[in-house]
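Taken in order, these protein sequences are the chains called A and B. Mapping to my numbering: the first sequence position 167 is 188, numbers consecutive. Mapping to my numbering: the second sequence position 57 is 78, numbers consecutive.
Bear in mind the hints are in silico, worked out from the structure with no lab data behind them. Hints are all accurate, no fakes.
Identical copies carry no separate label here, and so any pair may be met within one copy or between two of them.
SDA-like, lysine to any residue: derived pairs with alpha carbons at most 25 angstroms apart:
hint: 1; residue 1: K250; residue 2: E169
hint: 2; residue 1: K160; residue 2: Y95
hint: 3; residue 1: K238; residue 2: N168
hint: 4; residue 1: K59; residue 2: V86
hint: 5; residue 1: K59; residue 2: E81
hint: 6; residue 1: K198; residue 2: R254
hint: 7; residue 1: K23; residue 2: K141
hint: 8; residue 1: K250; residue 2: S180
hint: 9; residue 1: K250; residue 2: S97
hint: 10; residue 1: K198; residue 2: G251
hint: 11; residue 1: K24; residue 2: K160
hint: 12; residue 1: K115; residue 2: T161
hint: 13; residue 1: K23; residue 2: E49
hint: 14; residue 1: K182; residue 2: D192
hint: 15; residue 1: K250; residue 2: D192
hint: 16; residue 1: K160; residue 2: T145
In this text the structure is predicted, and so the values were computed from the model without any measurement.
2 protein chains.
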Amino acid sequence: MKKGMFYAVGVGPGDPEDMTLKAKRILESADVVVIPVKQPGESSSAYAIAEQAADMSQAEKMEVVFPMKRGADYRSYLRSGALDSVYKALDDGKKVAMVTLGDVSVYSTATYVRQMVALKGYETTVVAGIPSFCAGAAKTQYSLCENEESLLVLPGVGSQKSIEQALEQFDNLVIMKAGRALEWLLPVLQQRGLLEHTVMLCNVGMPDEYIGKPLAKYRSYFTTLLIKKGGLR
Amino acid sequence: MKKGMFYAVGVGPGDPEDMTLKAKRILESADVVVIPVKQPGESSSAYAIAEQAADMSQAEKMEVVFPMKRGADYRSYLRSGALDSVYKALDDGKKVAMVTLGDVSVYSTATYVRQMVALKGYETTVVAGIPSFCAGAAKTQYSLCENEESLLVLPGVGSQKSIEQALEQFDNLVIMKAGRALEWLLPVLQQRGLLEHTVMLCNVGMPDEYIGKPLAKYRSYFTTLLIKKGGLR
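Bound-form chain A, shown alone:
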């Protein structure tokens, strides 16, 4: 029997209309939709977005639990049986599509799953999604980079030193997963006169979306800072 195909599908960061035509088509024709959750039975932001734009009633829903711990070794976790039901569905020749927030290639757990599935010898396909920083730039109508400018995307979980150095060096910075870094990062931005050059994007496209001046209270995992040293424009 021909084995099935695994699709890693980016659904964008929140607004269901940010989903691509391809994401909608793949999800609506999948036999199995894989839903990443932090704990069994918990809701999934990615699935909540997808189901507003795609009719997935034909598909079996399959939860895969991702503990989402900082510094977690997802590869070894995924090797220890978490994907067995995915492999079973692929062995049965099924079309298996996993939903993931934003874009698959930008800090997504779907990347690890796809790699594991591919290492097991199954065919895989990646469906790009709108990354949160592009959706945020669109909402605020700021550009991420123009002309000869550079754009640096950094995770807020990186070192303070690397972020401070980047602030020295680059025109435009996107700091993703910035929630936990705010405590030290906001004073640093203030000190450098960059607070007015920074917009905070929190849960973009979701009901509790916040877009505006950086505020220390928005500690969500999905907090992104866009810093434009040349000024917000």
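Since the structure of chain A is already known, use the hints to place chain B on it.
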């Protein structure tokens, strides 16, 4: 009379299915579709993508000429009358949508147009699109950044020194508009043992797409290099 709304719409880098649901909806309901061209009467890549996925038969088509010269001062060019027909349509209360390749916020001329239109006092909206580097990463199934890695997006039209410095410093690099830089850049990558860590993306999603080993002959404006110092994975 209520003035119209200007939409800057990213259509992704080539595959019409990379268009978002929102881009399709806006283009299919626009009164006027603005088409950026290099010369009057020339074809537009962005429009060619859009018309494969969106039925724009209802809309008036309006060309805006962009000379696309290196270092061109688009702002002063656009101030000199190039957008008069756009303003006229907006004054008439029309819904005017401009198509642009990739994402609006990443090195796009639509950004300048939107800024000019907004400065004239019209309302504007940005519709995000899949940037070429996300589409390329999806096609090649490489991730752009994982865990605590950074991603630097640079234009190939920047200085050799800044690109060489970035190669020292960052995990993952995307060099856009790399065509003209290949002559000096490929030897630099070879010397640093990075050629095997680099994938070249040329006209992604278009009929003459090339994705693979970097080759000096692909000098297109739409040539992107993805360099992963940790190895392609």
